[in-house]
Structure formats: C-alpha cells, structure tokens
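Peer 1: Following the hints, put chains B and C in place on chain A, whose structure we already have.
Protein chains in written order, with this note's numbering: chain A, 1 to 245; chain B, 1 to 484; chain C, 1 to 215.
Please keep in mind that the hints were generated in silico from the structure rather than gathered at the bench.
Just so you know, these numbers come straight off a predicted model, no measurement behind them.
Keep in mind that the hints are not guaranteed to be accurate.
Unchecked claim - Covered, in the sense of this in silico footprint (three residues per stretch, anywhere, with C-beta under 8 Å from a C-beta of chain A), are these stretches of chain B: (1) 182-189; (2) 368-380; (3) 390-397; (4) 410-418; (5) 466-473.
Think of the CB as a built atom: it goes at the ideal place given N, C-alpha and C, for glycine as much as any other residue.
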Amino acid sequence: MRVALFATCLGDTLFPGAVRATLRVLERLGCTVEFPPGQTCCGQMHTNTGYHEQAVPAVRSFVAAFEGYDHVVAPSGSCVGSIRHQHGIVAEHSGDRKLSEAVGRVSPHVHELSEFLVDVLGVTDVGAYFPHRVTYHPTCHSLRMLRVGDKPRRLLSEVRGIRLLELPEAEQCCGFGGTFALKNPDVSVAMGADKTRHVRETGAEVLCASDSSCLMHLGGLLDRQREGIRTMHLAEILAGTEEDR
Amino acid sequence: MSGVDLGMPAFPDAARQAVRDAQLRHNLGRATNTIRNKRAAVVDELDDWEQLRASGAAIKAHTLSRLDTYLEQFESAVTAVGGTVHWARDAAEANRIVTDLVRETGETEAVKVKSMATQEIGLNEALASAGISAWETDLAELIVQLDEDRPSHILVPAIHRNRSEIREIFRREMAGSGTPAPTDLTADPVQLAEAARHHLRDKFLRANVAISGANFAVAETGSLVVVESEGNGRMCLTMPEHLISVVGIEKLVPSWRDLEVFLQLLPRSSTGERMNPYTSVWNGVTEGDGPSSFHVVLLDNGRSEALADEIGSQALRCIRCSACLNVCPVYERAGGHAYGSVYPGPIGAVLTPQLYGVESEDTASLPYASTLCGACYDVCPVAIEIPELLVHLRNRTVRERKGWFDRLSSTAMRGLGWVFGDSKRLGRAQRIASLGGRLFGRRGIGRLPWPLSRWTDARDAPAPAPESFRQWWERNRTGNGDER
Amino acid sequence: MKRPSRDAREAVLGSVRSALAGGQRGSTDSIPREYSGKRHVESLPDLFRERVAEYRAEVRTTDSSEAPEAVLGALEAAAARRVVVPEGFPARWSEPVAERHDAFGDSPRLSTAALENADAVLTTCTVGIATTGTMVLDHGPGQGRRALTLLPDTHVCLVAASRIVDDVPAALAELDPTGPMTFISGPSATSDIELERVEGVHGPRNLHVVVVGDV
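Okay, chain A solo, but in the shape it has when bound (with noise of 0.2 Å):
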C-alpha cells in the first residue's frame, strides 16, 4: 500500500526520531512510503491563533504536496485534527473556491497513525516489544476532535512485554494548547502539574501520547521535575522490536 508521511513542522524539526518511528511502523507492516518534499505544516498554530489569512500558505502547500495520495499518515492527532477539521474554514476564509475544493479532496485521505493501523491497515498487533512500564496520555484532539477512542491503547496492549498503567483522570488536558503555553503559563503549568503528578501516580518509566506537542509540554516539565520519567511518542514503542535488543 502506498502511504504519504506527513512528518508535521513539530516532528520534522524538533522530534524527528518519532517520525522515523512511524516511517518503521509503516514499512514493517509492508507500506511503501513517500515522503512528499513540498510538505511543511498543518497551519494549526496560524489558525488557532486566530491568523487564518497567515495559514494559508501552509493549507496550500499541504494540499499541494499530498493531493492525489489514497494514505496520508501523520503521528499527530493534533494536526490530523486541524487538517479534517480546520483546512476548510481556512480555505473558505481566503475566498479562494479552488483551495476550498482542493482541500476536500485531500483531508478525507489524512489519518493520525493509530486510526490508519487500526481501521485503514486493520491491525492492532504491529510486533513492537517493550518491557517497560507505561502509561498513556490520550490528547485531547485525539480524543475529542477525531474521536480515535481507544485506539492506540489496542496497540499498545498488544506490545510484547509492557506494561501499561491507567493514568488517572487520563482524559483531562494537559496544558499545552499551542500558544496557549506562552500566553498563559502560568495556568498551562499548572495543568502540566497536576498531569505530571498523575504519571508519577501510576509509577510509569515512561509517559506515551500520540502528539510530540503535548510531549513537549510535559516532557519540559517531567525534565525539570528530574524524576527520571521519559517522554515517548505512541510510534516510538510501537517501532521497537526485540530484535533490536
């Protein structure tokens, strides 16, 4: 099956090991994947900022780059999110009837990994291993815009040799919110806090989500905390296999 990775701004630059981990996800389970050049961003943080008229280049480019792909396969719930859910009120906004058009052709084609392992590629059991301890944030553009339900939790289960710990009151936001995390610190932290306090609740070695941003947030704050906590992206551990051993 041909796939088109969508590697998002944020994993490009800043985690690149979690869009290499889905690139290995994808290919074990015998996708052929393109990486399209001309891709660069999802155009969330113009949007959600309130800079439509700015995310519109980035809409372009998107649909530039991926119109024509059957897969779009993206390790963010967030930016699968805002490309289903967000490219058209851009695109109408710019009055460009063109774009509105191109945009629904291409984002019924984009998923957020789990959603493509589990109802395009029918699999939950992707032979990852990894015996360790982990619990696992839900983020809420998973959760609440694409509705992916429990999902990447089928996957993990599936993992050989981990162990996975309910985090309690998992569905609550952890602060993040784009922006959000400079224009409010001090409420963004203190969300951070409280989630961080949960997974250090449940004894976890390692914190996973399906959004390296949310990651960013908490990972910045488990760091400062130096309590020893990783961040892990869903498709860090879903890579790993015991022959890496």
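Peer 2: This is chains B and C only, laid out in the frame that chain A set:
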C-alpha cells in the same frame, strides 16, 4: 493588574493570582469534580441524550433565525394575559425602566431571584443609587452580596468559598442587613442553609416588589419559566404584589412543547439532577394567585449585534447551565473572577467578547483563555461549538486589534507563516536550527529569552534536532544527500 | 403608569432584523425530534416512588380506601396540627383529617400570617413524572394558589397512580399552559455550599407523597 507584561492581556494576570491561591484551587477542584461526576451519572441514564441535545440546538437555532417574529409573538401573548412588555436596547435603558417601575410602586426595596441578566446590567448597583435596596435571595448570591464579593460561577456564584468561609461571612455580615446569624452557627451546610432561611424569611413576607430573570420565555403562550432549587424563586414569584422580569431576547423558545427538551437538558447539565426541586411557570397575571402587576423587560444589550455573526451567534443558544465551566480545566485552575465578567468559563470566553467587543485588553484576552481541549463542547446541552467559536473570535481579535503587542505578534506570525508557506524556506530554517541543535546536544534547554521565557520558566525546552527528518530522508532515501 | 417606549422596541426589533438580513443561515426550520417520545418503564408507580424517594421525600403507597390513613400518618410524622386543605380537595380523603386536626381552607383567603402559621398543606397533583420523580401542580381545585404549598413547612401531596406518566414530554402534553404551574421534585434544596446537596431551604422542608394505586 501587573505592569510587567506591558500590553499583555488581563486574563493571564488575573489567572496567575488565582493559580497561586491554594485555598481557591482546593475549593474549585473539589466542587467542580463533584458536579462533573453528578452530571455524568444522570446524563448516562438517558440513552437519547444526543438526540435531545440535537433537538435543543435546533430549537434554539431556529428561534434565533426568526427572532423578530418570536419576540413580537411573545409580546402579544404577554400583553393578552395582563402583562406589560418593555424593550431595552442596553443596560442603562433596562436599569432605568426597572428603577422607574419600582419607584411607581412607592417601595424602596425588592427581593430578587438569581438572574444572570440583571447581574450583566448591574441592576443592583443602579437600584442602590436610586435609593432602592435589592436583596439577593439565592443562597450563593446572598453569600456574594453579604461579602460585597463578585460571583465566580453561573450556577453556584460562591463556588470559590468553602463552608467555613461562608460561616464567617454570615456571622460578620448578616446582622447589617436584617436577621443576624445565630451566635452558635457552625460550618455545617445544613445549619448554614437554616441561617439563610431565617435571614430571608421576613424579607420575603414583607416585600412588595420582586425582580426575576427567566430561564425560558415561550412565544406561543407568553409563559415565563424559572428553574430553581431553594424555593426562593417561588417566594419572589408568588408573594409580592409586583413582579418585574428582565429577560434576554435570546431566552425565547417558540412553543410550550419545546420545553419538553429543555426541562430534560437543563437540570441534568446544570445541577446534575434528574429534575431540579422547583420549576415555576407563569402567564401574566392570574386573578387571586400571585402578583397583581407584571412587567417583562426584553433586554438586547449586545445580543442583536452578536446575532449578526453567523458563527458567533451560536453562543446565544446558551441556556446558562454551566456544565462547560465544570469540565473546563482552565476554569478549574483560574476560577471565575479571572474572566472579569458575569459570564465566566468557556461560554463566558465566547459570550463576553461578543457582548462587549474586543477593544479592551480584558475582553480580547478571553478567547485565548482556553487550550481548545474540547471538553466544553462535549457537555454542552445545546451543542455550541465553543472551540470553533474561540478560534473564530481569536481571528476577530487579530483583525480588529492594533496595539503594539498585537502588531509584534502579528509580525512574528507573518514571518512564521512565510516560512511555513514553502518547503525550501522551511528546510533552510531547519538547517539553521539544527546547527543550534548540535550546539546544545540532545539535552533540554533550561532558559530562553522573553517571550520564550514564558515556556522555560517552568519547563525545559527541546533543542532542535541535529538533523531534521527532512534532512535524514534526503540523506538516506533520495540519494541526493544534504545539499550543503 | 409609564408606557413602554416605542423607540426602544423599534430599535431592538430593527437591530435583530438587520442582523438576520445578511446571513445564509441554512435551513433551521425542521427541528429533529428523534429523542424517545416514550420511556420503557415496567411500572410507572414503582419508578415514580423510587425516584421521589431519592430526593429524600417520604413516600407512601396505598389504595383509595386506605388513603386517609396514609395522609394521617404523614401529618403525624410531621407533627402537624394546623393543616390547610384547599377547596376542591376530595372530601373522602380530607374528612378524617378534619376530625383529628385543625383543618381549614383558603376561602376566605388566608392572610400571609395565617399561612405562615400553618404546619402543613394537603394537595392533589395534576401529573406525576416517573423518570424524574416530579409532581406538577396546576393550582386548580384541590391544589389552591401557589402560596399554599410554599409557606407551610410540610407538604402532603396525593398522587393518583393513573396520573403518573413516563417522562417530561408526556407530562407537558397533559398540561394546559395558560395558568401558573409548579413542578416539584423533592423538598426544597440547595447545593450552593461546596456543591453538597442540603434539603430544606425556603420551600417546604418536608415533602410527603402518597401514591394512591386505584384512582
């Protein structure tokens, strides 16, 4: 307000104070957690909740789309049953109308049913300056009024107070405005409620004028509906000779039957009960039962302007249940006062800027007081897409505001937008960033200059990767290698 | 009396009309009503009793012949002496009350002081709602004006089992919205202190419900 963040808006500063108030955080955390669970339990009981929600949204959307017609129909219906309808363009006009109506009765005091509309227009203060005492009779409103405090929640205005704080307020303040609190008053909620009952009893029996709002106004029949728990609403609506109800124009529903939806949605969303203890319905004046004079003041105060915004006008569907406050992680930490409006929480963040515009820092900061986590939309009984509205209003803020900080942000966002508009530009930016990344190694960054210090004050920041994914792909998969 | 201002009326309506004039609001005319018109309930009186009791109201079940006993039991439990019995309340149920208690009606109209002085009020109800444990009073015969069920501290409400419906839609269909109505679900209560429910504020603090099976 803090002078440190010149040009930065009001919510963040107010929220910073609130976050540091341990007592407040404890009170709010406990209370919102309790009500969240209660709501979830009674909503789960109904297997047709989503269908009720869809109907509630549709009825409100329909009413708003024909609001002029329904307002006129309501006016005729109320007039036909002996009521008088007044119209108020803004707060000042509404206050003037109510003040004149109270003056005509010759009374100098009035009892009040909890009402968001009268809080919004500052009616109590307007009446006070005309020499009229308005007594709040809802327990939480009484607490707030006695303490000369501000409400911090739509349903439970004193949610920021715990039982022992309330005991202190009662002991200190009740004597000043009537029956004092018993000297042996404890912090037991049963005793506190009892003290409120005694304090308010003679006010109810003595009052000749009552002022209320309404949860719903039925265009077809002219009926008004007040949904409450304590019986203070029934007291006000029944005992005095004169009743004045201040009702926002968005409170209308077309027909009596429509209430079958809202009387299921509201109590379960609001107090987390299958039904609230008392719902009162009345139609104008009824011979031999209740007030002999009845006036309705239909309040615009920014609503018709909000109606003009096709996306924003969704907020006018709100039935003031406050479920969105109770699930909002930002509200839970910042508290209601931080929103600087009688409408706090997610719904306040979309309603306040529409009612008052985004000219001031205070209102302009509200659409940004959210992580867009979406919990509010999921619980909204009339399916207001609050996250989408927040983003829409952020866009309005960006378009309308031209202060120096706004221009600075705009320049930065334009610059980033330019980079993200083209993969070659992004690739070049990444190569520069990755040089920095190699400098830092893979350790986190502990300190960055303003404005990124807002990140690193409490969180490490990730260093850019020594090699972006794009560079890795070019090197490993295209055979081109890096073109450096 | 001062007349309402026509200027304000025209201004508000004009502003609403111009707000609506610009938009393409799509079709908002068809209201989906796909929620259950009816709830499946095994026994309406059983569910009604259970739900009313959850509000911490006292519930008794009886048949028509023993209803007076149940009413007396409720009044005794509340230690009520002076009892308001509104005009139109069925005589067969109120006669034993009149024998043992100081019972009086509202004609001539009771003063506020006299009502405040009453210990209890005895009424019927128009519709009972099983799912929510609600009694609806339309303040017709047997129920009296609204103040009667507000000032006395005990309200004893007789509910005919045949008047119990499944949920809110069925109840509203039975009601005539031309006069005042009161929906009562349990004794007065507040959750204003730490969101902890406390029964008994301004309305009657004791609510006794007598479900009469064979009426």
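Peer 1: Mind taking a look at whether chain A covers the region 390-397 of chain B? Criterion is 3 or more residues with CB to CB distance under 8 Å.
Peer 2: holds (count 6)
Peer 1: Test coverage of the region 466-473 of chain B by chain A using CB-CB distances below 8 Å; three residues minimum.
Peer 2: Result for this restraint: holds, n = 6.
Peer 1: The region 182-189 of chain B covered by chain A? Criterion: 3 or more residues, Cβ-Cβ distance below 8 Å.
Peer 2: violated (count 0)
Peer 1: How does the coverage statement for the region 410-418 of chain B fare against chain A, requiring three or more residues with Cβ below 8 Å from a Cβ of that chain?
Peer 2: holds (count 6)
Peer 1: Go check the region 368-380 of chain B versus chain A for me, would you? Three or more residues, Cβ under 8 Å, otherwise it fails.
Peer 2: holds (count 10)
In summary, the structure is inconsistent with hint 1 from the numbered list given earlier, while agreeing with all the others.
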